[in-house]
Each structure stands twice: as C-alpha cells, then as structure tokens.
Amino acid sequence: MNKPVAWWGMMMLVAAELTLFGALIGTYFYLRFSVSPWPPDGIAKPSLLVPIVLAAVLVASVVPLRLGTRLGVAVALVMQAGYFAFAVHEFADGLRSFTPQSDAYGSIYYVLLGADHAHVAVGLLFDLWLLVRYRSLAARVITIYWIAVVVATLAVTGTILSAAA
Amino acid sequence: MAVAVLERQWVARPGLLGWLTTTDHKRIGLLYFWTTLVLFGAGGVEALTMRTQLVQPNEHLVGPETYDQLFTLHGITMIFFFIIPMSTGAFGNYLIPLMIGARDMAFPRMNALSFWVFLGSGIFLYASLAAGSAPDAGWFDYVPLASRAFSPGRNIDFYALALILNGLSSTLAAANFIVTILKLRAPGMSLNRMPLFCFAFLAASFGLLFALPALTADCIFLFLDRRVGTHFFDVAHGGSALLWQNLFWIFGHPEVYILIVPAFGIATSIIPAFTQRRVVAFPLVAIAELLVVFIGFGVWAHHMFATGLPTTTLIFFAAASALVIIPSTIQVFAWCLTMVSGAAQFKTPLLFIVGFILFFVIGGLTGIMFVAIPFDQQTTDTYFVIAHFHYIIFGAAVFPIFGGMYYWFPKLTGRMYFELPGQISFWIIFVGTNVLFFPMHIVGLDGMPRRVYTYPANLGWGTYNLVETIGGYITLAGILMLFGNLVVSYFSGERASHDPWHGPTLEWTTASPPPVYNFAVIPAVRSAYPNWDAPRSTKPLTLDVGHQQPVTSVDDAVLGEIAVMPHESPWPILLALGLTVVCALLVVEKYAVAGIALGLCGVVLAAWHWQAVE
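Protein sequence lines correspond, in order, to chains A and B. If you read the first sequence in my numbering, its first letter stands for residue 1, the second for the next number, and so on. If you read the second sequence in my numbering, its first letter stands for residue 1001, the second for the next number, and so on.
Accuracy of the hints is not assured; some may be wrong.
Claimed, not checked - Computed Cβ-Cβ distance ranges for the label pairs, DEER-style:
(1) B:Ala1131 - A:Ala165: 41 to 51 Å
(2) B:Phe1150 - A:Thr69: 55 to 65 Å
(3) B:Thr1066 - A:Ala165: 45 to 55 Å
To be clear, the hints were calculated from the coordinates, so they are not data collected in a lab. Built from N, CA and C at the ideal position, the CB exists for glycine as well.
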C-alpha cells in the first residue's frame, strides 16, 4: 500500500502487457480447438527439451536481478542475452520448416513467440540502461518487468509445447 | 508569501512552446478538450450528411462508397476520438487532480505523451479521408469483409493502425489515472472519502487497461493477415472469422461501459451540488460503478447472438448481460432519491443529468429486450439497434458531458454562463434527440436495416426518416446554442466566485481558474464532501520547494513521501510524432524505414529519461 509511484506505474504496464499475452494465448487455443490435427499435417510437433531449458535459464536470471546491485544486473544481462540469442536462433531455424504464411498454426505460433522475444529484447535494453545509469528504484521496477516477462515466457512456452502432447 | 514562491516555481513557459512542452494536467485537459471538440464536429458532420442522404427514398447526395466511409468514420470518431478522450482525457485530466487535492497527475510527462499520441492518431485517421481511403467496413470492421480479398485498398490498414495508436494513448492515460487516483490523494482522503467521480474514472481506467489489449491483438492480426499473409481470420487455412468478432467484443463491450461510466461520475458530481445533500447510498453507488465495468468483461458474446454460437453459450451471455441491470438500477435509484429528498435546483447542469437519467432508463429498457435471444436475432442490424445505442451513447453518455461543460465552466474560466439560454439549449437538444432517435425504434422493428445508403419508396420508411433528419438538425441547433452560450459567456459572462454552486468537492476550494499549482496549501480531508466540512485549523502543508507533491497510501491516504514532479519536457511530443510517422510509413508499405523510425523513437525515449528527476 505504501509502494512508490514508479512501482505502481510498472505494475500498470505489466498488467496491460500480460493481458495482451492473455489475448494471444486465448487466440492460440481458440484456433486450436477448431483445427484438427494440431499442429496440422506436415508440421512436426514442437520439441520439448530446448524450450524448457531456455525457459529455465530465464527464470534463473531473476535471482541475480533481485540482488539489487549493478553486478547482479550484469550477470542477469549475460544470462538473458544468452537466452535471447538461442531463442532467436530457434525462431529462425523454425522458419525453415514452416512459416507464418503456412497456415493459422504457423501464424499464431510465430506471433506468440515473436511477441515474447520482443518483450525480452526490450528488457535487455532496460538492463543496458541500468548498467549505464544505475538507480535502485529503477532496478526495482525493471525487476518487476522481468518477472512479468518470465511469467509470459513460461505461459507462452507451455502453450506452444501443449501441441507436443 | 508562500503563494509568491509557488507562483515563481510553477510558472509555465510562455507562448506556443509552453503549450507544446506542457505537463500541466489542466493545460493537457484543455488540449484534449479542443481536439476532441474538433473531432466531435467532424463526427457530427458525418452524421448529418448521412441523415440528409436518408431524408427521403432514393436520395443521391452521396454514393454507397462514400456512405460506407461516413458511417464507419462516424462510429470510430464518436467512440474513440470524442467520448473516450473527452470524458477521460479532458474531464478526467482537468478535474481528477483537483478533486483529490493533487498538484498534477502521477506521471505528468506520460500524460503529455498520451495527448500527443491521441492527436497523432486523430490526424492519422483523418489523413485516410484526405487520401480518399477512409475505413469503410463499419466501426466493428468484421472480417472477411475487412480482409484483403474484399477490401484491397488501404482503408482497413488505416483503421488497424489508427486504433492501435489510439489504444496506446488510452492505455497510457488509463495507467496514469489509476496511479494518480490511488497514490496522489490528499492526506486523509481514504478510499471511502474519495469523490464518486473518481470511483467512476477509476473503474473506466481499469476497463481501458484490461480491454484494450484484446483490440490491439485483433488489429495486429488484421494488419498481419492483410500485409504479411498470415491466416488468423482465413477459414480456408485453419483461421476463424469469428476470432475477430470475439476479440473485438471482448474489448468492445467493456468499451461501451467505459463510455458510460464517466457519465455516471459526472452525474454524481452534479447531483449533490444542485440538491445540496449527500448522495444516497454512497458506498453502493461506488461499488456499482466498479461492478458495471467488471460485469462488462463477461458479456461480449451478446453482440454475436446472430452468428450461430451454441445455445448454451447464448444463454450464459444473456444471463450475464441481464446482471448489469443490478448495478445500473442501484445508481438510478440513488440519483433519483438524492434529487427527491434534497432541495433540487433544476439549473442547466442538473437538467442535463435528468435528461441523462431518462435516456439511460429508456436505452436500458431496450437493452434488456436484447437479452431475449430470439428478439435480438430478429432485430440484429436493424435501426432498432441504432435507436438503442444512440439513446445510450448520445443520450446517456454525451448529455452529462454537456451538463459537465456548464457545471465546471465557472471553474475553468472564472465566469458564469447565461442560465436561461443554457436551459433553452437543454430543451432543444432534449427534444431534438428524441425526434432524431425515437422513430428509429419503429422503423427498425419495421425491418429497415442499418448501414444502407438509401431505400426504396414503397416500404413506407420515408416519413420516419424525414422526422429523424429534422430531429438531427434540431439537435444541431441546440448544440450550436450550447457552444454559442459558452463562447459568449467566456467573453462577457458575469464574474464567478471560486465556488458559485457551493459544490462538495475540492476543486471548488481553489481559485477559478485554478492556479498552476492547484492548491497553495495541500488540503487535509475529513469526509467525502470536504468543501462542506467546517474549517478546522491544521498545520498547513505548503510544499513550496520545487514541484512538490505528497504521495499517500492507497487505502487510508496516510502521508508517505514528498515527491518532486517533473515538468516541461519536449520529449513526449517528439515521441508521439515518431510513433505517428511509424504508422504512416507502415501504411505506405515502407517497412524498413518504419523500423528505423521506431529505432529513433527508442532514442527519443532514452533522451527523455536521461535527465530524469532525482
């Protein structure tokens, strides 16, 4: 109840962004339940291992962030940048077997992942900003942003992987 | 002494540059006011052109293509570019900090950003008209009509991008209102002492924050489908046309309540002032305002009763829709009982509120009729629906805006409006509105479909349409009289005291027009009607070192820290310009340049925060 104004501001941003992911994930299942089989014929089921390991790395990156020091931010940045590089590689790799233009599965698959990766990219810029101009309140609200991105990533990963079942 | 110090510290930069870089919530409120007024004029011209086209059968003032653009622009303009920005942007911005005893919004520069982005989205939308390709698939823009196969032009691309940009502006404003209302209330203004106006705007802001992402996602899908070749709405490739409708109305129905809830807020401000009594059932009304928006998130499919959804789904959504009756009725009874049991003085603002209650009840009654699924299916896309939602959106949502203009006119200008012409303007608009919209019920039940640019003579709709068009021009005359009154009053009205109505809330405790810093002494609040409380000497909280603002706790408004607010920044307008340019580049398919422009927006954002206040 006595949180600073900046904390509340970030909570508002995060609430709107997570609602956006809610709409995207809702779309995924809305399309899924009207298309059979899912994924459609000719598209391989998503592999489980790599996305789960990647998501775990992103979850772990919150720990150094929560230290609330410049060093913690630097460690988190390395982990998150590593995650981002792998994730973008996976994304590009996937485009070789099916694309957003293939069918509705491809469309929502790539938009969902793309939205998530874009949020990670913005978070990386926040980290860089903190390294240049570190302030404890800024570090605190950017940590909130990252926790929300982690939640979104877990939800997106779970949604995408649900097609493997 | 302290006032002189405050004046020096809060003085605005003079001239045009002062307006372009302003972060003063009152100036931003006025910018919103003038901009939305221009857009209201545009939406009005569109409406009257349509009414003139329909005045008799087989009229040829405009052709079908133009007519499609007219009704689409009219709907988008009135909803996204008039009512929402007028109520939240203009009224909310100007009044909420004053009502809660604050000196500015919680995020003053973000407030400026939301206005400039709004202005950018408005210019962008109307640029489509200049380019000859205004949106033309209706304000709810159903696919597949709006898909590339059936709308190959740029019309729908303008629609998608304008609404994304407008949604960004509204989201920023909503976040700002929520934090302002929760954190910047004067010490002592616990939640149960907060004006009902603020409860209403809090509810509307939460509605915007959680409803807009669905529309944004929908518009992104639409743009990708049309430009990139994805298949979200393409049934042949596993997509779903109903997906558009679902996402649109998940946003669209909360939106309807977001339009009306600020009107509730204005009504609950005007009624106590002109009855000189406290609002009956204050806590119930506060809860009802929040509940209306909350229920609004669970009723969207009642816009889709004619799309072949399963019966169980229809019944669920019909029942949920009927629930809205409860909080609506609580408020109607509370308003009426307050007026009946107080010494009601029917001056112009209160007349508009009485008109609002009548329209809200009539429009509400036809609304209840739609809960009966077979009736809804029978009247879908007829003029009966048009009649229903214009009673609500024009009668119930806009009348309090007119009433509010009269009510707060002395506060904004320091002058009184002319009472008798004010009352006459009310009666003209009231009669005009009924003449305009009531026959639409009949002609709708008679089967006249909406969105037809003309109709044959042998169906017997001609007389009704003639009457409606006459009503439209009567309404126009009344509105012109209203604004004429305000303009003349601005120059030659009687000087108003700081509190001509003996209003209950804090904005009436400060000068008219309010000084830049709003309150020389931060008010100490002991009830929900602080201006009616007996003065009690407390240690004054002056805060005259820099742009200082007390920050209080969310629930009991216990004084926490003293924050220093930022002021005057060139970055919000530059960022808004950049975002508008990005949209313009996207619409003309210059994607790489748009990417560069977006990068520049990032640079502007960085520059904005480089010298943030410590």
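Hint check:
1. B:Ala1131 - A:Ala165: 41 to 51 Å: The hint (41 to 51 Å, Cβ to Cβ) holds, given that Ala1131 of chain B and Ala165 of chain A are roughly 49 Å apart.
2. B:Phe1150 - A:Thr69: 55 to 65 Å: holds (57 Å)
3. B:Thr1066 - A:Ala165: 45 to 55 Å: holds (53 Å)
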